[in-house]
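*Asks:* Sequence:
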Amino acid sequence: MPDRSRSVLRQAVPPVGRLVPSVLLGVLAGLSSVALLASSAWLIARAAEQPPILFLSLGVVGVRAFAIGRAVFRYLERLAGHDAAFRQLAEIRVGVFERMLPLAPDGLVASRRGDLLSRFVGDVDELQNVSLRIVQPLASATIVLGAAIAGLAWLAPSSAIVVVAVIASGVGAAVVAQSLLAARADARLAPL
Numbered sequence: 067m068p069d070r071s072r073s074v075l076r077q078a079v080p081p082v083g084r085l086v087p088s089v090l091l092g093v094l095a096g097l098s099s100v101a102l103l104a105s106s107a108w109l110i111a112r113a114a115e116q117p118p119i120l121f122l123s124l125g126v127v128g129v130r131a132f133a134i135g136r137a138v139f140r141y142l143e144r145l146a147g148h149d150a151a152f153r154q155l156a157e158i159r160v161g162v163f164e165r166m167l168p169l170a171p172d173g174l175v176a177s178r179r180g181d182l183l184s185r186f187v188g189d190v191d192e193l194q195n196v197s198l199r200i201v202q203p204l205a206s207a208t209i210v211l212g213a214a215i216a217g218l219a220w221l222a223p224s225s226a227i228v229v230v231a232v233i234a235s236g237v238g239a240a241v242v243a244q245s246l247l248a249a250r251a252d253a254r255l256a257p258l
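Per our numbering: the sequence shown = residues 67 to 258.
By construction, these hints were calculated from the structure, which means they are not laboratory data.
Nothing here was measured: the structure is a model prediction, and the numbers come from that model.
Honestly, I wouldn't trust all of these hints.
Label pairs and their computed distance ranges (CB to CB) [to be verified]:
| # | residue 1 | residue 2 | range |
| --- | --- | --- | --- |
| 1 | I233 | A113 | 26 to 34 Å |
| 2 | S224 | D149 | 38 to 46 Å |
| 3 | G161 | A248 | 22 to 30 Å |
| 4 | A243 | F152 | 24 to 32 Å |
Heads up, the beta-carbon is just placed ideally off N, CA and C, and yes, glycines get one too.
Start from the sequences, fold in the hints, and give me the full structure.
*Replies:* Next up, the structure:
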């Protein structure tokens, strides 16, 4: 990846102080999802044994609590993540405009005003996806995955080894695919 692209992508990521709340809320949403799956699986398995209903009430409450928690944490994560991304976009817009200002009007003669405005808005708006769809979900998912594997290793160590092997092969395939597609995507990113 060229240095200019790295620089642009680095600028698109909000500062850590703005990114941490959305990552933590994403972790809570992810852990709620894992706990929801675990508690519902336990509830189904335990209900198959036909115990008195009182023994199932804890599982029912857990399923409800984790389902509500997942929705609430996901909403708050989106709210915090978009706030951080939009604040960063505002800073990027100002910086790009300040770099374009010395070029006007002589350096921008080849571009029509509408085209220039459209490219300016479109290219900068596209940068919000860096934090919202790449950095924040990847950080949250990595933490949740680590916690889930640690929990699985505590319950069934041999299963955890298999899960780690499958995840490692999936990550390796993704890295290979990314390197094959990176040049094509970089060519579409307009220089700012």
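*Asks:* Each hint needs a verdict: does it hold in this structure or not?
*Replies:* Each hint, compared with the structure:
{"no.": "1", "hint": "I233 - A113: 26 to 34 Å", "verdict": "31 Å, holds"}
{"no.": "2", "hint": "S224 - D149: 38 to 46 Å", "verdict": "43 Å, holds"}
{"no.": "3", "hint": "G161 - A248: 22 to 30 Å", "verdict": "25 Å, holds"}
{"no.": "4", "hint": "A243 - F152: 24 to 32 Å", "verdict": "30 Å, holds"}
The earlier numbered hints are all upheld by this structure, with none contradicted.
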